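**Student:** If you read the sequences in order, they're chains Y and X. The working numbering puts the first sequence at residues 1 to 413. The working numbering puts the second sequence at residues 1 to 413.
Quick caveat, the hints were computed from the structure, so don't treat them as lab data. Keep in mind that this is a model prediction, so the values were computed, not measured. None of the hints are false.
For chains that are exact copies, the list does not tell them apart, and a pair is met inside one copy or across any two.
Mimicking DSSO-like on lysine-lysine, the simulated pairs with C-alpha atoms at most 30 Å apart in a straight line are:
#1 K186 <-> K127
#2 K58 <-> K121
#3 K121 <-> K227
#4 K227 <-> K127
#5 K121 <-> K186
#6 K186 <-> K213
#7 K58 <-> K186
#8 K23 <-> K283
#9 K186 <-> K227
2 protein chains.
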Amino acid sequence: ESQWGLELPDPSWNGYPLHQAWKDHMAKELDTVISFWTDYSHDQEYGGSFSCLSRNGKLYDELKYLLPLGKQVGMYCRLYRTVERFRRAELLGAAKPGGEFLIRFARVEPPAKKCAFSVTKDGTPVKVQRTLFSESYYTLAMNERWRVTEETRYQNEAVEMLDRIVYWVRVDSSELSWTRFSRTHKAEDLAVPTMLLHLVDQLQEEDEEMSKKYAELEDWGVQRILKHLQVAVLDNISEDGQGLPGAFGREQNPGQAIEAGRYLLQDAQREGDTQLRDQVIDKFLLLPFHSGWDAEHGGFYSFRDVDNWVPHRLEWDMKLWWPHCEAMIAFLMGYSDSGDPTLLKIFNQVAEYTFCHFRDLVYREWYGYLIEDGRVGLSIKGGLYKGCYYNPQCMAMCEQILGALLQRTEDSK
Amino acid sequence: ESQWGLELPDPSWNGYPLHQAWKDHMAKELDTVISFWTDYSHDQEYGGSFSCLSRNGKLYDELKYLLPLGKQVGMYCRLYRTVERFRRAELLGAAKPGGEFLIRFARVEPPAKKCAFSVTKDGTPVKVQRTLFSESYYTLAMNERWRVTEETRYQNEAVEMLDRIVYWVRVDSSELSWTRFSRTHKAEDLAVPTMLLHLVDQLQEEDEEMSKKYAELEDWGVQRILKHLQVAVLDNISEDGQGLPGAFGREQNPGQAIEAGRYLLQDAQREGDTQLRDQVIDKFLLLPFHSGWDAEHGGFYSFRDVDNWVPHRLEWDMKLWWPHCEAMIAFLMGYSDSGDPTLLKIFNQVAEYTFCHFRDLVYREWYGYLIEDGRVGLSIKGGLYKGCYYNPQCMAMCEQILGALLQRTEDSK
Numbered sequence: 001e002s003q004w005g006l007e008l009p010d011p012s013w014n015g016y017p018l019h020q021a022w023k024d025h026m027a028k029e030l031d032t033v034i035s036f037w038t039d040y041s042h043d044q045e046y047g048g049s050f051s052c053l054s055r056n057g058k059l060y061d062e063l064k065y066l067l068p069l070g071k072q073v074g075m076y077c078r079l080y081r082t083v084e085r086f087r088r089a090e091l092l093g094a095a096k097p098g099g100e101f102l103i104r105f106a107r108v109e110p111p112a113k114k115c116a117f118s119v120t121k122d123g124t125p126v127k128v129q130r131t132l133f134s135e136s137y138y139t140l141a142m143n144e145r146w147r148v149t150e151e152t153r154y155q156n157e158a159v160e161m162l163d164r165i166v167y168w169v170r171v172d173s174s175e176l177s178w179t180r181f182s183r184t185h186k187a188e189d190l191a192v193p194t195m196l197l198h199l200v201d202q203l204q205e206e207d208e209e210m211s212k213k214y215a216e217l218e219d220w221g222v223q224r225i226l227k228h229l230q231v232a233v234l235d236n237i238s239e240d241g242q243g244l245p246g247a248f249g250r251e252q253n254p255g256q257a258i259e260a261g262r263y264l265l266q267d268a269q270r271e272g273d274t275q276l277r278d279q280v281i282d283k284f285l286l287l288p289f290h291s292g293w294d295a296e297h298g299g300f301y302s303f304r305d306v307d308n309w310v311p312h313r314l315e316w317d318m319k320l321w322w323p324h325c326e327a328m329i330a331f332l333m334g335y336s337d338s339g340d341p342t343l344l345k346i347f348n349q350v351a352e353y354t355f356c357h358f359r360d361l362v363y364r365e366w367y368g369y370l371i372e373d374g375r376v377g378l379s380i381k382g383g384l385y386k387g388c389y390y391n392p393q394c395m396a397m398c399e400q401i402l403g404a405l406l407q408r409t410e411d412s413k
Numbered sequence: 001e002s003q004w005g006l007e008l009p010d011p012s013w014n015g016y017p018l019h020q021a022w023k024d025h026m027a028k029e030l031d032t033v034i035s036f037w038t039d040y041s042h043d044q045e046y047g048g049s050f051s052c053l054s055r056n057g058k059l060y061d062e063l064k065y066l067l068p069l070g071k072q073v074g075m076y077c078r079l080y081r082t083v084e085r086f087r088r089a090e091l092l093g094a095a096k097p098g099g100e101f102l103i104r105f106a107r108v109e110p111p112a113k114k115c116a117f118s119v120t121k122d123g124t125p126v127k128v129q130r131t132l133f134s135e136s137y138y139t140l141a142m143n144e145r146w147r148v149t150e151e152t153r154y155q156n157e158a159v160e161m162l163d164r165i166v167y168w169v170r171v172d173s174s175e176l177s178w179t180r181f182s183r184t185h186k187a188e189d190l191a192v193p194t195m196l197l198h199l200v201d202q203l204q205e206e207d208e209e210m211s212k213k214y215a216e217l218e219d220w221g222v223q224r225i226l227k228h229l230q231v232a233v234l235d236n237i238s239e240d241g242q243g244l245p246g247a248f249g250r251e252q253n254p255g256q257a258i259e260a261g262r263y264l265l266q267d268a269q270r271e272g273d274t275q276l277r278d279q280v281i282d283k284f285l286l287l288p289f290h291s292g293w294d295a296e297h298g299g300f301y302s303f304r305d306v307d308n309w310v311p312h313r314l315e316w317d318m319k320l321w322w323p324h325c326e327a328m329i330a331f332l333m334g335y336s337d338s339g340d341p342t343l344l345k346i347f348n349q350v351a352e353y354t355f356c357h358f359r360d361l362v363y364r365e366w367y368g369y370l371i372e373d374g375r376v377g378l379s380i381k382g383g384l385y386k387g388c389y390y391n392p393q394c395m396a397m398c399e400q401i402l403g404a405l406l407q408r409t410e411d412s413k
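Start from the sequences and build out the full structure, keeping to the hints where you can.
**Tutor:** Following this line, the structure appears as structure tokens:
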């Protein structure tokens, strides 16, 4: 395999040339990353794809993990639909049986909606988690799968599953085993309303019927996320929006806060709500950046404690790829929406760290897990959680936002 | 707080002087560690103790975590019972209300036996896990609590709980939510039969009735552990003793293998089974040592992959305190039982690494979590899992084994 070196844009270039350089860079790297997955991940035999790929694309686990599988089907469809150069038979040819595999095998005891966390390559369930994330990425995949071929059974599945997830979150979670035992401190993880807002965005996209159906849920998601803003954006709060005692209650997850902020920004954009936009930039982007960025080595910490105790998570000081992807999108989007040059500066800083540390110079795709000082902790390119998702999504969105910024400059000439 | 420097025994001293030096070292350090917990952890108001203590003993979380709480009550009682210099009112005075707190508040919905993972300081349940480890250390605490004051309600609780745990493991685990969903690859974690064998040992100790009652369970535990020995000691196998597909199936946990080996050694000792002893030393001590020890930086890795893929756990290359504690006990015990000097050499090597890296030279107690190169990853002295347990147990057992070795040398003079 050849070297995949790529020169980074020079941040001293300002405005137009810098935007153009980053846009080219994102596009080129997006192509490279997608080629890794099309070359190595597809299961020609049973459909769908494998996510457990080593540094050079070797399969190290034949189980199919539902989170990365749902993400990859969704990502292939979205690229096929929305990016001209990805409208290729290769992507559709993998996404179609991938969607079929999911609709047939993801649910543990169909017609019940609970999905597996992992299944064998031919679809027998292996593990089930007490969360709603397998189901969420299943929903995303189903909706995207419907958008590319308009087979209604996929959209029906997406809507039914989302409605079930909402029921678990807002009415009764016993199917997830969340409420099997009485608990006084029932916590809400920021990932949950963020995931719901993400799914609402997905289903509402250019769809008037769904926009109406999920308008109330959208408001609910925004309000739930905003409740996590206390002294800082806290990762866990009580169901009635209060702080929680102990280390869990003080936990900050900078990547999760910024990801939530990105969905809030999109909402503020749609609603033309500049007050929300400014609040989000201030509290969900800049605040987690300042508390979460490692001033010594660079990169986002995985966890911080709001009172500066040592976070109790073993991986607290590791640098993970996805918060960096979400931060690039969020800061570029914030800059595009507000024109604040501070946000562009931070985008450049995060992008430079990310491309210098997470990219592999020898083989394609990114590392996902670095230790504090930026060296590689796990050399895998995919695993139980990491698949073809966060970095291609980031590059596709950045390419698109940068394109729009360049167009604006052109138009104003 | 003063400095807690301590000179390490010189390994070039052989035999008697080295044993004596290590024995003195263990005794002194055991006293130091216990003084940390008696000074900082006790809850005078509601009884029991807190485990979330920072580097210098400050409380960073007022929730009570049931694993370290059960362990601490058990450890205090055992030291009080078995080590002359710990027969102090201070230890009993903390263990009694600690046991009372557990019997009143550990179970989530008494009389059902499922225990919480964490409770508020006054005993309201907060979190519940789908495992049996809270219940196991509860059992240990109840049995020890009974041994120091002979209040039968504690022993009744211990026996009832152990019987329930056995029911979950061997008959029906639905109360733990293990079998809520059908699974083809039901896995057995090596920690489960190891925990059961540990509890059997605990209840059988100098108790003929219990020795009889749990004789069959003891055999079962030994046989289940031995089934994990395949190409190496595998952390996860199927319920019928077969290897499992994927990364989980290839997972090795050197600390867990050595801990299991230590309980097998004790069993071989009791039964006078030298064939089992030799097999255990070879496969459960030396094999995990050779595959699990980091030849470059020293210390045990947390996880390894039997085919040398990168383990999928984020903390795979971290060095945790407890495997080092278990290894010191196991290799010293193996040496004492077999006379093989290789095992003594490894004990010295592990002990030297452990005392150089996990001990804090400024404040008392040990760090629990180092990064690969031996630097401190989390500076906490206690947390959700780490409490007053593995290192005092290690030092108390090593002190005792070394004492017996010295006595043997005296006797043979």
